[in-house]
Each structure stands twice: as C-alpha cells, then as structure tokens.
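Fit chain D with the ligands to the given chain Y structure using the hints.
If you read the protein sequences in the order shown, they are chains Y and D. Position one of the first sequence corresponds to residue 0 (numbering that gives the first Met the number 0), numbered consecutively onward. Position one of the second sequence corresponds to residue 0 (numbering that gives the first Met the number 0), numbered consecutively onward.
Just so you know, the hints here were simulated from the structure itself, not pulled from any lab data. As the structure is a computational prediction, the values presented were derived from the model and not from experiment. No residue lacks a Cβ here, since even glycine has one placed at the ideal position from N, Cα and C. Please note that a few of the clues may not be correct.
[What the hints assert, rightly or not] Chain D side only, calculated, beta carbon under 10 angstroms to chain Y, not exhaustive:
#, residue
1, E199
2, F441
3, L449
4, A606
5, A608
There are 2 protein chains.
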Amino acid sequence: MSLESKQIATIRTLAADVVQKANSGHPGAPMGMAAMAHVLWGEVMKYSPKNPDWMGKDRFVLSNGHSCALQYLMMYLTGYDSVGMDDLKKFRVCRSRTPGHPERHATKGIEVSTGPLGQGISNAVGLAIAESHMAATYNKPDFKVFNNFTYVLCGDGCMQEGVASEACSLAGHLKLGKLIVLYDDNNITIDGDTDLSFTEDVGKRFEAYGWQVLEVKDANHDTEAIKAAIVLAKQETEKPTIIKCKTVIGFGSSKEGTHGVHGAPLGEDDIAQVKEKFGFDSKQKFFVPEEVLSAYRGKIDEGKKMVAEYEKMYSKYEAKYAKEAAEIKRRFAQKLPEGWEDVLPTYKPGDKALATRSLSGKVLNALANIMPELVGGSADLTPSNKTALGCTVDYQSTSPQGRYIRFGVREHGMGAIGNGLHAYGGIVPFTATFLTFIEYMFPAVRLAALSGHKHIFIMTHDSLGIGEDGPTHQPIEQVNIVRATPNVLMFRPADGNETSGAYKVAMEQEDTPSVLALSRQNLPQLAGTSIEGVSKGAYTIVEEKDPDAILIATGSEVALCVEAAKLLEGKFSIVSMPCAKLFDEQPIEYRRKVLPFKTPIIAVEMAAASGWYKYANHAIVMRTFGVSGKGSHCMDYFGFTPKKIAGSIKEWLGNAGKEMKSHGFAVAA
Amino acid sequence: MSLESKQIATIRTLAADVVQKANSGHPGAPMGMAAMAHVLWGEVMKYSPKNPDWMGKDRFVLSNGHSCALQYLMMYLTGYDSVGMDDLKKFRVCRSRTPGHPERHATKGIEVSTGPLGQGISNAVGLAIAESHMAATYNKPDFKVFNNFTYVLCGDGCMQEGVASEACSLAGHLKLGKLIVLYDDNNITIDGDTDLSFTEDVGKRFEAYGWQVLEVKDANHDTEAIKAAIVLAKQETEKPTIIKCKTVIGFGSSKEGTHGVHGAPLGEDDIAQVKEKFGFDSKQKFFVPEEVLSAYRGKIDEGKKMVAEYEKMYSKYEAKYAKEAAEIKRRFAQKLPEGWEDVLPTYKPGDKALATRSLSGKVLNALANIMPELVGGSADLTPSNKTALGCTVDYQSTSPQGRYIRFGVREHGMGAIGNGLHAYGGIVPFTATFLTFIEYMFPAVRLAALSGHKHIFIMTHDSLGIGEDGPTHQPIEQVNIVRATPNVLMFRPADGNETSGAYKVAMEQEDTPSVLALSRQNLPQLAGTSIEGVSKGAYTIVEEKDPDAILIATGSEVALCVEAAKLLEGKFSIVSMPCAKLFDEQPIEYRRKVLPFKTPIIAVEMAAASGWYKYANHAIVMRTFGVSGKGSHCMDYFGFTPKKIAGSIKEWLGNAGKEMKSHGFAVAA
Ligand SMILES: [Ca+2]
Ligand SMILES: [Ca+2]
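Okay, chain Y solo, but in the shape it has when bound:
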C-alpha cells in the first residue's frame, strides 16, 4: 500500500474509532471525505499547526460540522496542540476540546462554529470577502501581507439551505476568486437518498451564480484529480469555485453508501471488517501507523518555516509601512483607536427630535471615519436603515477596498457573512435590516453569540411606530428572543445620548455581538439620558422621592412615559432600560436602588411582555400583532399615547395593583 493510501485508510479507521468510542456521532461523512481531507491538510493548505493564530494562514471551514471527527483527527495527525490523542478519545465528552460540532471557542484552530447547516459555507464567503478587502487595503506592490485562500468542505445539507443560496449568489456577484468549496456529493442525507427531495442540478445552479464548477468523479480514491481541480480553482481568480467530489458515504463500511452510516457509530464488527479491508489489524483501536503520523507531523516544521518566512516579510513591511502595520496590529488585537469615544455625539434636551435610526447613522459614520475596521452594510434597506457610509465606497469586485457591502435582499446570508468577516480578524462587521426581519437571520445572530463574534446588528423600524407597512413588518416578539439569548446585548435606545451609549458599549466588546433596535419615527432628546447610563443597562432619568410608582420603559416609550407621568396625579419616577442584560450584571445594591422593593413598578414597551415581569409588577405591552396605519394612529389604537398610558397606569394602580400591593411588590431583579 502506498503511503498516501495508508494515510487515507488511517483517516477512515480513526474516524470510525473516534465515533465508536464516543458511542455517538457521524462516521459516514469523515470516511467519505478522507481523501479530500488528506489532500487539503496533507498537501494543499497553507497552515502551521503550532501557530493556529497566524494571520497569513489559509482559512478552513467545515460546513458540514457534524463530520468534525474528521477535522479533529486531522488536527491531531498534523500536530495541533489543541487536539491530542486523549482529546480524540474524549470526543463528545462533556466539556472536552472535541465537542460534537466544531466550536470556535472550545478548540484552538477552529475558525468558525458550525453544525447548523449552511452557516459554515456562508461564513466562508465572509472570510473570503475579508481577505480580499484586507489585501486591497494593506497589501503593497512588494508585500502581500494578506494573501490566503478559503477552503470549505460541505455536504448535501449545506447545498439545500437557503442561507447558503443567498451567500453563494453574492459570492458569485463579488467574484471571490479565492474561495474554494469541496462539495461532498454523496447522494445521501438523513432521510435517505437525495432522490427523495433533492434532484436539482447543483452545478448548473452554481454556474448561474457565476461560480466555476468542477467535478471529481471518484473522490474516494483519486487524489490526483482532487489536487488538479484545486489547481484549476486557484487559477480562476474571477470566480469562486465549487468542486463536486463524488464520494461514497461511510466508504469501507459494510453499509457504505446508505444513510445507515450517517449519524450512528458503525459498531465493532463493521469497524473490524473496515480495518481488515484496509489491511489494518482489526483489533487495534485508534491505530496510526508510524509512517503516517510522521508524514503528517512533517507539517509542524513546514508550518513553522512558512510562518518564519511570513514574519520576515512582515517585519520588512512593518519597517517600510509603519502606519499600516500598526493599524493591522491594532485591528487584529481588537483594540479601539485612541480617543475613539470623543467622536460619539451627545445631545441636550431641546436639541432636534430625530429618529434613533438617524442618530445611529450619525454615530456609525462618526466611528467609521476613525475605525477602518468597521465594514458592513444592509440587506437592501440602506436608505431606511441609514447605514450608508460617507467615508468609503461600496465593496465590489472592482473596489475591494470599499467598506460598504450591498448584501441584496439576503438577511440570513448577510448575518452569516458578517460572522465570517469577524472570524477573519481585523474587522468589526455591522449588518442591517428591519427589526422584524432579524427573524430571517436569527440563526446567524445566535451563532455570533455562541462563537463570540463582535458583530453589530443594526435593526431599524422597531415598533408599531413604523406605521403603514403593517403587522407583517411591526415587531412584537423580536426583542424578546434577543434578550433570551445568552451573550448578546440587546439595546433599545431612547434618544441621541442613548444611541451613542449603545454604540459605545457595543464597541467595547470583544466577543459579544450587539443588536440595536432603532425607531423609524422622530424622538425628542430627553433630560437625564446619558452615555454613561446606558452602560449600566437601566438608570433613573426622572427621580421622585417615595414615588407612587416607577415606570420603566425602553426606546420610544421612554418619552411617552415622561409625558404620561405629567398627566398623572401623584409622583412617578422614570427608569430607562436600554439594555436589560447590562442591568442584570450590576451589583445588587444598584439594582435595588433603581428598582426598590415595595414600590409598584410598571413597564411600558410596544412589544410582547415576556421578560418584563422580572423587573415590573405590571406591563403595558402588546398582546396581539399590530395593524397597518399611520404610526401615530397605530400607537393610539393600541394605547401607546401619553394619555392612554396614564389612564392605564391609573386604572391598574386602583385595581389589580391594589390587590398586589396588599401582598407586597417583590420583583425578581
């Protein structure tokens, strides 16, 4: 058996063993893609196992994340510190470094977390955009500081997901010539043969997107054909490439080519038969022939040498282009530029009333002027989202130095691409659509939170206040899902100061995304609001001693509460709560000061009630979907005018509130 054949056989048997030991996982895809993986890690990819953070590395994405046993074992074979043999034996064990799907935060060397299908390939579009943008921004005729390919492995599932369709269509438009996808075309999914539901001509579809489409007829064995296809892919600089690699799922198993090998261990007998078939000892587990390990471990020195050469080049670059080099360093360290807070606008009461979406546009532009790392755009709602940047041009194939991305009507693709931009390093992505349509992209928001991507989601048109577009466009439940998701900050600023404050906190994060919910309608600049207040999550903007009740509100409802309080007899303190999660992180003394026991607390928000009862005894909220009509009419119809809010507060304090009062008013916050 040739060394190469032995290497590929080792990948297959090791994958089977890893999944068997875990007694859980997916052996079929790793065994089917073994030759592809061998070509990538063994020959094609530029990487250094001992320098997983190397800026110059090729980026790799395992879009069919369920096949991660493959990635872990390649990392082990090639000598990554993060995956030893012990880690392979702890595959899918609680809190191991080899979880059931690749997690960027769990395993050094994983670029993006995958598993939810279609996300990885879409992240890869972001990684490829990032490379071309950074190259256009920083490379010099004599220095290719940024010059890498992005490789993707994916399966039938990713090909069927809409998010991948969106991202790949955009990738073709943007002519991302350094994006190379190897598609594990094995005609099997969980339900069975792809004939059941997936008979489209994938190659033709990708040609329609503007991709180069290549095919490898026997990717189980034919490593030469895989390599040759990758050579062609690299040569084509104007188009991304997809290589349809025909494989047999679970290659070697007695159940190969069926969905029986997709999602469950093969069983000891089958594994023994696989090992025999490949000329290995059927009884030995986790066996890696010495010559196989030694061949792959050669990557350690090879990688170190590559890094050393790169660093030599880079120090010359640093000497000649000190400013650029310093900026790159700052960006990759996620440091903000000196004095960045100074550009945040502040407002006084009496300053012009403006929509928070417009105020957002001002902050975003102020920051973009001094932060070249701000790169992003809108899903075809630029004029509405107010995200146009004055300081740059569109990112297009003819202007890759541009920082404004026209995502088209592709919210989900946009979100996943944004995550990829951040994963590359050096970029703070922002993406925009209407708040209601955050639901089109929520799986990407969730992955930003889970993987720790600093990603600013600019969501305008945040309530009934949007008016005529009606209930299909008026958010109700959207802020609740963001607030319920771990590691993401949900901001709903009330005016200019709070909009600046929201951006300030968002920019200070390193591995936490932020969502900004912004009004379409104009809002007054309030007394008492501040950038500092936002950082505490909630703070008192109107303070009364021994108030009859405390009103908590967010966004446009804060001003409504200020007016409502004026219409009421009695004393009402007002708390603005732009970010509940930040408030939860404050010391208990602060929280009790803002929301004391024994005072009735009433929340007001034009959204579903969900989380409010943690802070309030009563919530004036939306209980149904909205209606189409002028924003002010809709708000009136649902009771969100100062007068109606005042009436509702008075009524509650006199009835249900009275009953509750007799039992105390303990809030959970």
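Just chain D with the ligands now, kept in the frame of chain Y:
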C-alpha cells in the same frame, strides 16, 4: 387607444392615485406590473369575485406584497365585495380592509399574507402541492373536483431570499406543473440597480431546479406575449414555470426605471404627467373610464357562471361519490372526524418511559389514520423527529396521493409551504425539525400566527437533554420567542398524557398554529398528568396543603421536580405548565388557585428565564449556552438533576427567597 391599453393605463394611474392618497406605499411595482395584472385578472385566471371562497378557483399569490395596491385595485375593478372605491381611498389607513401589505385575515379574497419577501412564492409551492394532492385523492375519471392553477407575481426581492430558493428547488423536484410564476424582472431594488448585488442568471438557476423558464421581453406592453407564455406554462405539466417579465418599474412616471419610484408616492406633478401621457385628464383622481369598469365587471357574471357550472358538476360528484364528497366538505369546514378524541393514547404511572418525540409519533400516527387531512413531513430528520406515517406513502410526483412530504434540509421553505397547504383548504399541515432550528423557519411560524394557519410544528430535541450534538443544537431561547408571539400555542408536554393533550388542543384550533417541543430522552409517565390538564395550560399534579413552595416546570423538568421535591424537607406542590398561553386565558380564580399569592413559586426549565417571572419568584433556568456531552452529563453540569435542583431550591428559600418573602410574593399572573 384600444380598450386593453385603456385598461392597463387605468391600472397604472389608479395605482399612482391610491398610493398618493395614502401618502405612503409602493407605486413602482404596480405600475410596472399593470399589463401582467391585466392579463391575469382580465383573461387568464379562473375566479369569481362574488365567490371568493370557491374551492375550484385558481389560487393567486402576490409574493411582492408591497405592491398590494395593484391587487386591491384589481379586486375593486373586477367587483369583489371586500374592496370598494372607498377601501381604495383608505389604503394603509388604520384598520381598513386595504392594509399596507396583503393580510389574509383583513381582506376577503387574499389567499395568503405577504410582505416579508420570499414567503408568498413559497406559500404558492404549498398551494400547488395541495392542489395536486387533493386532485389525486378525490378526483375521479369523470370528475375533476380539484383542478386549478396557482399563479404568483413576484419581484427581485423574492428571487434573492433563501426561503424561495428552498421552496422552488423542492417545487422542481416535485414537478409541480400547475405552478406558474410571473417574475417582475425590472432590475431595481431599494438600494438601486440589481447590478449592485444581484447579477446571477435567475433563469439558469430555475432551470437547474427543474423549472421551465420563459421570457417576455416587453411586459410593459406586450400582453400577447404574456398570454402566449402562460399558454406554454399551462401546457408544460411536468415542470413549474417561471416567466421572466421584463418591465420598467414605475412605468409612466418621470422617474420610471429608478429606485426612486419604489417605496414613496410619485407626487402630484408626476402623477399629472403620467395621466396626460396616457391620455387621461390630469386633474381627475381615482378615475376609471366607464368602458374599463364595465369590461372588468364582466368578470362578475363570468365568475358566477363558472361557479354554477362547477356546482352542477359537484352535485353529480356528490351523488355518485357521497363518502368522498362528505369528507371534502368536512375537511374544508375544518371539522374533525367523529370520535377523533378516542384515538388519543393515555398512560398510567408505571407505563413505559418514552421520549415525548416517540409519544408524539404515536399520537400523530393515531390521528393520521383517521384524519386524511393530516399532511406534512420533516426537513430531513424523519427518523429523529419520529414523524414517519404508517398509513400513507411519500408525496412525490409519482405518488401525489401520498401524505408524507420529504422537505429536504429546507426548514424555512418547509414552514412556508406548510402555510400554503393550510391556505388551500382541507389540509392540516405538520412540519418537523429540531427545536433549535425553529429559528431557521421562524418567519413562517410568525406568518402562520399572523394569518391564522392551523399548522402543527413538531419540534423535537428540546433541551440540553439532546446531549452530544452540543450547544449549536441545544435550544435555550427558542421556547421564549414562540411564547412571546401572539396567536401561537407553545406546548412542552411532560409525558404521554400531556403529549396527547397537546395534540388535542392543537387539533381543536381553526386559525391558530401550535408548536410542540418534544424531548429526545425518555421520560417517565407521571402521576397526575392528564389530557384535560393540558387544556388549562397549567395545573397542579402534586398538591400539598400550605406548601413551603410551589414548583412549576414544563416538559422533562416536571419529572425532575417531582423527584427533587422528594429529596427536600418540607412540602412542595408541583405545577405542570405545558402551555403558558392557555393558562393566561383561564379565569383569575383558577389562576390564583394554581399560583396563589404569598406562596414562594419557583420555576424550573432548561431554557432562558424570560417569561417565568410572570408566574414565579425565582427561576432555575439556563443562563448560558449548553455544552456537548451525554445528555445526563450536560444536565448534571448545569444543575438539572433532582439533587441539584433540590439544593438550589433550598439555597434560594434560605437566602434571596427569605428577603423577598419579607416583602410578599406577588406574581403577575
Ligand atoms: Ca450527503
Ligand atoms: Ca425589482
């Protein structure tokens, strides 16, 4: 001017007037699509304005819902009772019958609510599946009871959305020959020219999906070419057809062909100029030439005649095939078959522990046996979701009578197709995936709720309990978004009786969707649970007099609480809350009885806290994402074992709970 030209000019000027009067809306698309609309309503479509509920009608979907002024004015011109001239003048006025996007519940004659892009065309795939399925089920050689086309108008936005890609790929696979899409190919979106982001070859992409692709070069004028294309579309019975209709957005406006006419009224001057150009009086508003109105109103009699002929045919069918006719009648009336409740399984304590996903599979199959209207499937997770049906075969082009749909890995398309199945009438759709991935399809869940589609979302693998697949697959925030959304029931049953109870309530709905969150792991059959209990939303399953605290839980955590209570000193009542929304609808006396004031209440759920503080003073919940590991290990790590829950309860009652107690324990519920 020919009558036809005058008709088309009337559509254009009327659209401009409607949007101008509203001072809000989208004139560009209606003006561009005027000739297409004229051909559809004036010549091609089979419909009866006075019988909008006619089962035999062609189905029409305006997928680019923002152009609804067009649909409303065509309904006015052809004589629908739901849209009079007054309604056109109340376009986008609060609570009018002509909202800013088409709403199925607001305007009789609208098949599906659209606006969120990509949904309508995907609903249409469901409508076309429904037609072919009903035809295969009920038509007889001599009777074509079901025999209609589904027509769609859509724009560039729908073509870019991933949900449409998913649905259209499946439509090609299923060879839906009676689905005809007219694509308003005008090269303009909100951000500007489609060159900015959308340069793929749409026709080629649809060919790759297996569609027939036709083109009309001048769809501004060439009605003959539009008609000819539709004739070809009808002739092609093995493929859905997309007709690329080249138009100029805002045709007639001085700003025609630009994004300036997309989303804002043209202004009085421009409208005057349009009217002059078309030979109309520039000063007259909402003008409809008599001959134009009279020509379109001819559709009233034409439609009545069609319905009369259909009814004649149908009564013969009824006479000959009484059983089928009765079943059709029952199905379209959304009545359940006699004695349907009797098939719901019940369980006793001591019966075998089973996962609620498996229990769901049993109920679903029991119901499917007697309810031919149950039609649905899974997004490639059939073996995991336990949704396979024993009583039928797959729905495929070769077996359209089949009721099990293989959706492929296309969650979002699946959700939107399910809504279309319900919109057709006579079908109760069910769709399935992992609970985490409800986020991939949530815009469709929301539209089911908004539009009133009875649609059963079967979401398995509902917590940390799924284990090794890890945090990308473990739900945290998912139940919260469903609970926060109006008009959708979120069920998380604890065992077999509650699973049956959840299905019972779900089946009793007519215009409310239901989401079922189901466990992967086995759960014991509990004492005290019942079908009846589920219908109250929450109920006491372990009752103690003057308990030290009440524990509320859902799903798998109910059994954990029962065990935890046994480990604690003191008395603990236990409430199972399978559906919070149903509980909220109970009389206050019932709610106070289950959750009385002054007793500490502690909620336990392996999900985000969000809504719990409405019912509880303390919540033992998830504050972070999960981890990959055996389900039992993950649950232990995060404190969800009886012992750890008991410890946590004891700790809280002794500390924070004590402090709160001194202030009372008022819950908002
Ligand atoms: Ca596959
Ligand atoms: Ca368009």
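Inset, instruction - Compare the structure with the hints numbered earlier in the document and write down the numbers of the violated ones, lowest to highest. - result: Violated hints: none at all, because every hint is consistent with the structure.
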